[in-house]
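Colleague: Position 47 of the sequence shown, counted from 1, bears residue number 48 in the numbering used here, the numbering being contiguous throughout.
Simulated from the structure, these hints should not be mistaken for laboratory data.
A quick note: this is a predicted structure, and the numbers were derived from the prediction, not measured.
Among these hints, one or two may not hold up.
[As the list claims (entries may be wrong)] Computed beta-carbon distance windows for the label pairs: (1) I5 <-> M41: 50 to 58 Å; (2) L44 <-> Q23: 38 to 46 Å; (3) R32 <-> N56: 33 to 41 Å; (4) Q19 <-> I52: 30 to 38 Å; (5) N16 <-> I53: 49 to 57 Å; (6) S15 <-> A51: 33 to 41 Å; (7) S50 <-> R29: 30 to 38 Å; (8) Q46 <-> N18: 56 to 64 Å; (9) L4 <-> I35: 32 to 40 Å; (10) L49 <-> S15: 49 to 57 Å; (11) A51 <-> I28: 46 to 54 Å.
Glycine included, every Cβ here is placed at the ideal spot set by N, Cα and C.
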Amino acid sequence: MQLIKVTKPSRQSSNDNQCIKQDSYLIRLRRKEIKHHLLMRELSQRSLSAIISSNEIAGNKL
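Generate coordinates for the entire structure from the input sequences, incorporating the hints supplied.
Modeller: Here is the structure:
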């Protein structure tokens, strides 16, 4: 029978894990921010296209 010594994680390991969690949280926030920015840009482009096409239908040129 072999005895195995069980130790608690070191404080450094705990700090590393906390940093990893914070990094992944910040990465997720950044992805959401980028996605939101891209969606807003797409919406703006669609709105502009709709305005231009409705003006062309009405006979108005920009």
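Colleague: The structure should be examined with respect to each hint, and the outcome stated for every one.
Modeller: So, going through the hints one by one against the coordinates:
1. I5 <-> M41: 50 to 58 Å: At roughly 56 Å between Cβ atoms, M41 and I5 fall inside 50 to 58 Å, so the hint holds.
2. L44 <-> Q23: 38 to 46 Å: violated, 32 Å
3. R32 <-> N56: 33 to 41 Å: With Cβ atoms ~37 Å apart, the hint holds.
4. Q19 <-> I52: 30 to 38 Å: violated, 49 Å
5. N16 <-> I53: 49 to 57 Å: holds, 55 Å
6. S15 <-> A51: 33 to 41 Å: violated, 54 Å
7. S50 <-> R29: 30 to 38 Å: holds, 32 Å
8. Q46 <-> N18: 56 to 64 Å: violated, 42 Å
9. L4 <-> I35: 32 to 40 Å: violated, 52 Å
10. L49 <-> S15: 49 to 57 Å: Since the Cβ atoms of L49 and S15 sit about 51 Å apart, the hinted range of 49 to 57 Å holds.
11. A51 <-> I28: 46 to 54 Å: Violated, at about 35 Å.
Hint compliance for this structure: hints 2, 4, 6, 8, 9 and 11 are broken, all remaining hints hold.
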